[in-house]
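So the protein sequences, as listed, match chains A and B. Numbering-wise, the first sequence is residues 1 to 147 according to my numbering. Numbering-wise, the second sequence is residues 148 to 503 according to my numbering.
Just to be clear, a hint being listed does not mean it is correct.
No farther apart than 35 Å at their CA atoms in a straight line, the calculated lysine-lysine pairs in the DSBU-like style are these [claimed, not checked]:
#1 34(A) <-> 346(B)
#2 36(A) <-> 407(B)
#3 329(B) <-> 36(A)
#4 36(A) <-> 283(B)
Facing chain A, a subset of chain B residues (Cβ under 7 Å, in silico) [as the list claims (entries may be wrong)]:
#5 322
#6 323
#7 324
#8 328
#9 355
#10 417
#11 418
#12 443
#13 449
Note that these hints are calculated values from the structure, not bench results. Just so we're clear, the structure is a prediction, and the values are computed from it rather than from any experiment. Glycine residues also receive a C-beta, built at the ideal position from the N, C-alpha and C atoms.
Next come the chains, spelled out residue by residue.
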Amino acid sequence: MLWVHVACSLLSYAAFLVAFVSGIFFLIQERQLKRKTMGVLFHRLPSLGALDRLNFQAIGFGFVLLSFGLLFGFVEVRVAFGRWWIADPKQYLAVAVWMSYLVLWLMRLRSTLRGRRVALLSILGFSLVLFTFLEASHIVRSAHPQL
Amino acid sequence: MHILVVGLNHRSAPVELREKLAFQQQCLPDIFAQLRDHVGLYEAMILSTCNRVEIYGRAGDLEGTINRLHHFLGRHGSIETSELVSRLYTRTEPESVHHLFSVASGLDSMVLGEGEILQQVKTAYEQARLCGATGKVFNVLFQRALNTAKAVRTHTGIGRGAVSVGTVAVELAEKIFDPLSKAVVVLVGAGKIGEVTLKRLTDRGVRDVRVVNRSIDRAVSLAAAYEARPVSYNQLGVQLLEADIVITSTRAPGYVLAQKEVDAIMGMRHHRPLCVIDLGVPRNVDPAVGSLDNVYRFDIDDLQSVVSHSHRERQQAVGDSQKIINEKVERFLAWWQEEGQACAQGQSASEVAAAR
Chain A
1 MLWVHVACSL LSYAAFLVAF VSGIFFLIQE RQLKRKTMGV LFHRLPSLGA
51 LDRLNFQAIG FGFVLLSFGL LFGFVEVRVA FGRWWIADPK QYLAVAVWMS
101 YLVLWLMRLR STLRGRRVAL LSILGFSLVL FTFLEASHIV RSAHPQL
Chain B
148 MHILVVGLNH RSAPVELREK LAFQQQCLPD IFAQLRDHVG LYEAMILSTC
198 NRVEIYGRAG DLEGTINRLH HFLGRHGSIE TSELVSRLYT RTEPESVHHL
248 FSVASGLDSM VLGEGEILQQ VKTAYEQARL CGATGKVFNV LFQRALNTAK
298 AVRTHTGIGR GAVSVGTVAV ELAEKIFDPL SKAVVVLVGA GKIGEVTLKR
348 LTDRGVRDVR VVNRSIDRAV SLAAAYEARP VSYNQLGVQL LEADIVITST
398 RAPGYVLAQK EVDAIMGMRH HRPLCVIDLG VPRNVDPAVG SLDNVYRFDI
448 DDLQSVVSHS HRERQQAVGD SQKIINEKVE RFLAWWQEEG QACAQGQSAS
498 EVAAAR
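This is chain A alone, in the form it adopts within the complex (with noise of 0.2 Å):
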């Protein structure tokens, strides 16, 4: 079951990089338009509305795979330690990941944020993600395996 967890936390990381990349686009966008400055970029850059619907999907979709990834992690850890949690800094961590996701989703989904905001905050959301995928073990000693 191991390749499910890897699979699918990989894939939802995929999905979040879209989301940053949308988020990056919809910032330079509107930038562009709110102060009428409409550089080379502003013909090539889709429209707003474009980029946030990619975003917001983006998240969704990251977050439903992410979501099985961590389940299926934890089965990973309760087969190799006979214990759900063994407060493992990575396990923290991706926790963290899954509940900002699961929050920023539906602030969008509630229309308590809308625009830019959700953009930086996705943004914010996928450096977490890096650090947690990336950085974490070689700050903080973790029993979990590096790819």
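Got chain A sorted already, so can you dock chain B onto it with the hints?
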């Protein structure tokens, strides 16, 4: 053998003269017959648009043909030939070929780089061809002209950027909403420029339009023209909840939309993006509205500055366009020297033989 053009355009002649010389489509077969039999053009093509009337022709004897063409145009427009001649320009190759390629590329247009002329040249050529007025040389000439125009438009910025307030508004709205055709547009006021902008949006497929005016009669008559819904002024607040794009164009002395009002409305709209296009002078919308999240506000100066920016960009593309045109003209002239002359001679000889 020569390729020549005789004509006038928006720079050389006023509209009063251009309209007299305009050619009706249904008369073309007869006109082409006259050009062949009386003027002596082996091949001909007539470009008649609101900004120009030009006759392209292939002829043997230059002096006489030009003279006969001047008289022909004078008769056609019922104008004294002496009065007309000062307004006409006459060019022979290579200038005539260069002129045609420039015209097709939009370099000779009133609005630099406009794309409509390409279609007009294409249609005019098709009509001439269907009337049997073009032969081997003109078929090559006009195919090359159309290809040149396409190359110029693809490889340079000559046709890029919006050059009117209405099209700029459409371009901006397209960068916010996707798809634009689903957007709800509310027009406040009955200013001319607001109506023009509305027209551009409906041309792009916008269907849901509401017209708000202090005088409901005016709203009704304006709405009828755009299949829009007339709305009384006190319903403006409700309309703003549903609107995606608000165009204001009123002569009201104060603000029609204040920042506080729009702020409150944005909450009720669940922060759906709102594009405000303020065309009023004095301005109809508090500029501070633009600092609200998810509100995109543009006033007449913002739109004008995009227009003048596009004009400058197009101006800068003229050099590159000329380079492409010069190269294509040279290539055509090379063909004309090597093969065109020969096949024109052959064609004329056979025409003469057929006439006998």
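Now for the hints, and whether the structure bears them out:
1. 34(A) <-> 346(B): holds, 25 Å
2. 36(A) <-> 407(B): holds, 23 Å
3. 329(B) <-> 36(A): Cα-Cα ~24 Å, so holds.
4. 36(A) <-> 283(B): Violated, at about 52 Å.
5. 322: holds, 5 Å
6. 323: With a closest approach of 5 Å, the residue 323(B) hint holds.
7. 324: holds, 5 Å
8. 328: Nearest chain A Cβ about 12 Å off; hint violated.
9. 355: Nearest chain A Cβ about 16 Å off; hint violated.
10. 417: Check passed: Cβ of residue 417(B) comes within 4 Å of chain A, closer than 7 Å.
11. 418: Holds: closest Cβ of chain A sits about 4 Å from residue 418(B), inside 7 Å.
12. 443: Interface hint status for residue 443(B): holds (5 Å vs cutoff 7 Å).
13. 449: holds, 5 Å
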